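S.K.: Sequence:
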Amino acid sequence: MKVSHVISSIDKGAGGPSRSVTMLIEHLLILNHNLTFQIFTLKSRSPMIKSINNIDGEIKFHSSLIGSYSTHLKQALTDSKTDVFHGHGLWQWPVHQMAKTARNKNMPYVISPRGMLDVWPMQHKAFKKKLALWLFQHNDIKKATVIHATSESEANNIRNLGYTNPIAVIPNGVVLPAIKPISAKKNGQRSVLFMSRLVKNKGIEELINVWSQISTPIKSNWKLVIIGDGEPKYVEYLKKMVRQNQLTHVEFLGGLYGDSKQRYLDEADLFVLPTYTENFGIAIAEALASYTPVITTKGAPWQDLVDHNCGWWIDIGSQPLKQALEEAMQTSTSQLEHIGQNGQQLIADKYSMDTVAKQMLELYLWILNKADQPQFVSIH
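Quick note: the sequence shown uses our numbering, first residue 1, plus one each step.
Some clues are possibly wrong.
As the list claims (entries may be wrong) - 25 angstroms max Cα-Cα, derived DSS-like pairs, lysine-lysine:
# : residue 1 : residue 2
1 : 2         : 370
2 : 60        : 12
3 : 74        : 100
4 : 128       : 142
5 : 200       : 240
Unchecked claim - What follows is a set of in silico ranges between Cβ atoms, one per label pair, in the way DEER data are often shown:
#  : residue 1 : residue 2 : range
6  : 318       : 61        : 39 to 49 angstroms
7  : 44        : 379       : 30 to 40 angstroms
8  : 2         : 318       : 48 to 58 angstroms
9  : 71        : 247       : 42 to 52 angstroms
10 : 200       : 379       : 34 to 44 angstroms
11 : 249       : 338       : 18 to 28 angstroms
12 : 81        : 249       : 53 to 63 angstroms
13 : 251       : 162       : 40 to 50 angstroms
14 : 124       : 251       : 24 to 34 angstroms
What the hints contain is simulated information worked out from the structure, not anything from laboratory work. Note that the structure is predicted; figures quoted are calculated from it, not measured. Where is the CB? At the ideal position from N, CA and C, for every residue including glycine.
Assemble the whole structure, with the sequences as input and the hints as a guide.
M.R.: Okay, structure coming up:
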């Protein structure tokens, strides 16, 4: 079985999908030796990976002419001998080219919107997105063999837009890190970690403002560590906020990846993402996998934080964020460690990359009439 994945970018700065898609394919190849995969994507400055360390996997980078349109990609998709196409994301030409090619070849295709049909993203550049929906995107989604959502809330949003396709709810997977050294969170100053793209809808401005409101006795031995890339002007604006609030224990480290990123996840006492909207939140899962308690909002689909006692799931807003931070920062080290262990167990049981890869393989087999309908697929 051959599956061709299409994603506009797997650049390190492109956010969660670039990580989750490449990791998924690598684990699918480990899982089943009768699979072959291709990734079709556009050239970028710093791709997450440049090749797949497996003879059954291949990445093809294509140059684009105007925006994300690529004649080379269009031809490569047409020439591709595949069983299933799988497109990730919306609003860019590559996934539209994939969907159109699949229909022309009478091939099944999956679309993973990656949260781009949620309310907040739809309001950003709303006119352009409505135009794209009218011109081509609505037809691409409507005629997809399956729509893949990463959470029940994303699936509900898709249904509310009127799409009646089968929907598969498969979360993003996380690679479990090595067991955290017991001393990882004990040395020196304690830390609250924010790790995401530096954009407004991640709630980073609210976090900085709230941090300035937390009393000195509570945060005297704490620092706020901010990891992530963003537009230079916006990053400078955030740094100016820190200076204006006279905050001394706030660090901007830019984008970190691999072992460097994992080291800060290991060392963090708390992870915070006060996002306004999240279809999944891969960084949340990575923090939990690293034994780190999480504070996030109900804009992210993480009811599991409450159900499994591994963090704080709060309303969006400054006051709930301040209250959660103050409570967490005054929680004993031993209790935070217990909460962190709960989180790691949750990820191991429900969100490990092995579990997710098995579900995605089951979906592909069902699409090709080689397996029964999976329980995670709903038919309207």
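S.K.: Hints the structure violates: just list their numbers, smallest first.
M.R.: No numbers; nothing is violated.
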